[in-house]
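Q: Listed here are the chains, written in short residue letters.
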Amino acid sequence: MHLPFKKHGNGNTVNISKFDVHYSDIMIKFLTQMGRYFLLLKKVFSKPEKPSLYYRQTMREFVYLGLTSIGIIAIISFFMGAVITLQTAYNTENPIYPKYLIGLGCRDSIILEFSSTISALILAGKVGSNIASELGTMRVTEQIDALEIMGVNSASYLILPKIIATFLFNPILTLIAIIVGIFGGGIAGTLSGVINTENFIYGIQYAFIPYYIVYSLIKTLFFAFIITSVSSFQGYYVEGGSLEVGRASTKAVVYSSILILLFNVILTQLLLS
Amino acid sequence: MISVKNVFKSFDDKCVLNDISVTFETGKTNLIIGRSGSGKTVLLKSIVGLYEVDSGEIWFENTLFNRLAFKEKKVIRSEMGMLFQGSALFDSLTVEENVRFPLEMFTDNSPEENNERVNFCLNRVNIINANKLFPSELSGGMKKRVAIARAIALNPKYLFCDEPNSGLDPITAILIDALIKELTEEYSMTTIVNTHDMNSVMEIGEKIIFISDGMKCWEGNKNEILTSDCDTLNDFVFANSLAKKLRSSNK
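Protein sequences, first through last, are from chains D and R.
Everything in the first sequence is counted per my numbering, starting at 1 for the first residue and increasing by one.
Everything in the second sequence is counted per my numbering, starting at 1001 for the first residue and increasing by one.
In case anyone wonders, no lab produced these hints; they're calculated from the structure.
All figures in this text were calculated on a predicted structure; none of them were measured in a lab.
Warning: the hint list may mix true and false statements.
With a straight-line Cα cutoff of 27 Å, these simulated BS3-like cross-link-like pairs (lysine-lysine) come out [claimed, not checked]:
hint : chain 1 : residue 1 : chain 2 : residue 2
1    : R       : Lys-1245  : D       : Lys-47
2    : D       : Lys-50    : R       : Lys-1045
3    : R       : Lys-1181  : R       : Lys-1207
4    : R       : Lys-1071  : D       : Lys-50
5    : D       : Lys-251   : D       : Lys-50
6    : R       : Lys-1222  : R       : Lys-1245
7    : R       : Lys-1222  : D       : Lys-50
8    : D       : Lys-42    : R       : Lys-1071
9    : R       : Lys-1207  : R       : Lys-1157
10   : D       : Lys-42    : R       : Lys-1045
11   : R       : Lys-1222  : R       : Lys-1045
12   : R       : Lys-1074  : D       : Lys-47
13   : R       : Lys-1222  : R       : Lys-1207
14   : R       : Lys-1045  : R       : Lys-1207
15   : D       : Lys-126   : D       : Lys-42
16   : R       : Lys-1207  : R       : Lys-1132
17   : D       : Lys-50    : R       : Lys-1014
18   : R       : Lys-1222  : R       : Lys-1005
19   : R       : Lys-1132  : R       : Lys-1005
20   : D       : Lys-29    : D       : Lys-50
21   : R       : Lys-1181  : D       : Lys-43
22   : R       : Lys-1005  : R       : Lys-1073
23   : D       : Lys-47    : R       : Lys-1045
24   : D       : Lys-42    : R       : Lys-1245
25   : D       : Lys-29    : R       : Lys-1014
26   : R       : Lys-1071  : D       : Lys-43
27   : R       : Lys-1181  : R       : Lys-1157
28   : R       : Lys-1132  : D       : Lys-50
29   : R       : Lys-1073  : D       : Lys-47
30   : R       : Lys-1074  : R       : Lys-1005
31   : R       : Lys-1071  : R       : Lys-1132
32   : R       : Lys-1074  : D       : Lys-43
33   : D       : Lys-42    : R       : Lys-1014
34   : D       : Lys-42    : D       : Lys-251
35   : R       : Lys-1045  : R       : Lys-1074
36   : R       : Lys-1045  : R       : Lys-1132
37   : R       : Lys-1181  : R       : Lys-1005
38   : D       : Lys-50    : R       : Lys-1074
39   : D       : Lys-43    : R       : Lys-1207
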């Protein structure tokens, strides 16, 4: 197999390994995509043509992306809380551990991690794929071109309301996840008999640090932005047909999820260290 | 009037538009014809600014459109209406909301004035009792007519139609053609229509340019097209067997 080669200054030729070629291709692609992403964001955050229409669009997205997510977040949080309680009880069976630790463990696990990160991963699947497929379909059916022809900043009109809506509504979803998750933990604990209600309530009140809620909400805001902007980017630049829209939707979920997990580590280090 | 001067456009290494120069006249239905993949849509989208040309000039009256910044282009774009091949109606909006959209975005009209204009435009394209329907509930012909209503909502100076007849039966196609021609004359617009439908050419072709492999091969009108000595054009015009028979009988 012939590998590409480059010439050194002294005239000698040196083979470039296949790895080098692929590595440089990947780097160029990555940097190009990053550049396009930030250029899109620049377009998104430009001055709206008609604020009243943007407001109406934001309200629409509020319902579409926010309100319709309450159900799935509530169901998942309830069962997550239940499982955390049962697992904590299983791991703290030793009598030297006070029973209220089960409530405390459930509360902290839900507030610190599950309400924000796991909810964000679920929303990346639900909202992210939704956004990417919506914008992708609008692109391939020339609806975005139609907006551009009218002189509308399509990126701003279509994406900014989604970012604002998720920015405002995802913290509410996180709070719902916290409440329902702890409630689910309490129900599972008492129904299975691993802890009584008094101990559980004592546990969820014990050594409570309000900053944990703030930490969780800050993470939620970052995750909301990641989900919306990354998914919008994937959908907005779709080229081709329905197959590419499907691929964009999958990419939106995968990339959003990876970035959520990456930023989870970074934010935890920054906010809790 | 729209003038295109020495326009080149390539995608990767493939040259799609090769030194195109043409003037589209005001108050006339100007047609760009050619085979699929000849560069018609790229030319139309380059004229409206959806594609950046590699070199060349696109003039709208006395304004060099393709050198304007995004904000400056918006002024001219507010004078454009476009009918896309697939209609490009907004799925999430009803028929009347689709037509009202440009009015709400670019005018300070009262809701009553907007409603009046929406109903006028829909009546003008013969869409009746369909205001509350969504695009998915419309037939292909109705979608095209609603798209025309949306395109003329702001009284545009320029109307662009990308294959307005694709996917329509011959009778509906003729109705859409007639509507485009009537509106062009009524509003004295500069209309550019992309098509490969010879019925359209013979119905509304006041000025026609023929494109093949990204190059302008012929320019004329519907009366001249049948007697052209351009072989590539003749291959296109007399492609179907009926046209071939008619041609041989005339000879």
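Q: Run every hint past the structure and note whether it holds.
A: Verification of the supplied hints:
no.	hint	verdict
1	Lys-1245/R x Lys-47/D	violated (60 Å)
2	Lys-50/D x Lys-1045/R	holds (26 Å)
3	Lys-1181/R x Lys-1207/R	holds (12 Å)
4	Lys-1071/R x Lys-50/D	holds (14 Å)
5	Lys-251/D x Lys-50/D	violated (32 Å)
6	Lys-1222/R x Lys-1245/R	holds (19 Å)
7	Lys-1222/R x Lys-50/D	violated (44 Å)
8	Lys-42/D x Lys-1071/R	holds (14 Å)
9	Lys-1207/R x Lys-1157/R	holds (17 Å)
10	Lys-42/D x Lys-1045/R	holds (24 Å)
11	Lys-1222/R x Lys-1045/R	holds (24 Å)
12	Lys-1074/R x Lys-47/D	holds (14 Å)
13	Lys-1222/R x Lys-1207/R	holds (7 Å)
14	Lys-1045/R x Lys-1207/R	holds (19 Å)
15	Lys-126/D x Lys-42/D	holds (26 Å)
16	Lys-1207/R x Lys-1132/R	violated (38 Å)
17	Lys-50/D x Lys-1014/R	violated (40 Å)
18	Lys-1222/R x Lys-1005/R	holds (23 Å)
19	Lys-1132/R x Lys-1005/R	violated (44 Å)
20	Lys-29/D x Lys-50/D	violated (36 Å)
21	Lys-1181/R x Lys-43/D	violated (37 Å)
22	Lys-1005/R x Lys-1073/R	holds (18 Å)
23	Lys-47/D x Lys-1045/R	holds (26 Å)
24	Lys-42/D x Lys-1245/R	violated (59 Å)
25	Lys-29/D x Lys-1014/R	holds (21 Å)
26	Lys-1071/R x Lys-43/D	holds (12 Å)
27	Lys-1181/R x Lys-1157/R	holds (14 Å)
28	Lys-1132/R x Lys-50/D	holds (24 Å)
29	Lys-1073/R x Lys-47/D	holds (16 Å)
30	Lys-1074/R x Lys-1005/R	holds (22 Å)
31	Lys-1071/R x Lys-1132/R	violated (33 Å)
32	Lys-1074/R x Lys-43/D	holds (14 Å)
33	Lys-42/D x Lys-1014/R	violated (31 Å)
34	Lys-42/D x Lys-251/D	holds (22 Å)
35	Lys-1045/R x Lys-1074/R	holds (15 Å)
36	Lys-1045/R x Lys-1132/R	violated (31 Å)
37	Lys-1181/R x Lys-1005/R	holds (26 Å)
38	Lys-50/D x Lys-1074/R	holds (14 Å)
39	Lys-43/D x Lys-1207/R	violated (38 Å)
Comparing the model with each earlier hint shows violations of hints 1, 5, 7, 16, 17, 19, 20, 21, 24, 31, 33, 36, 39; every other hint is respected.
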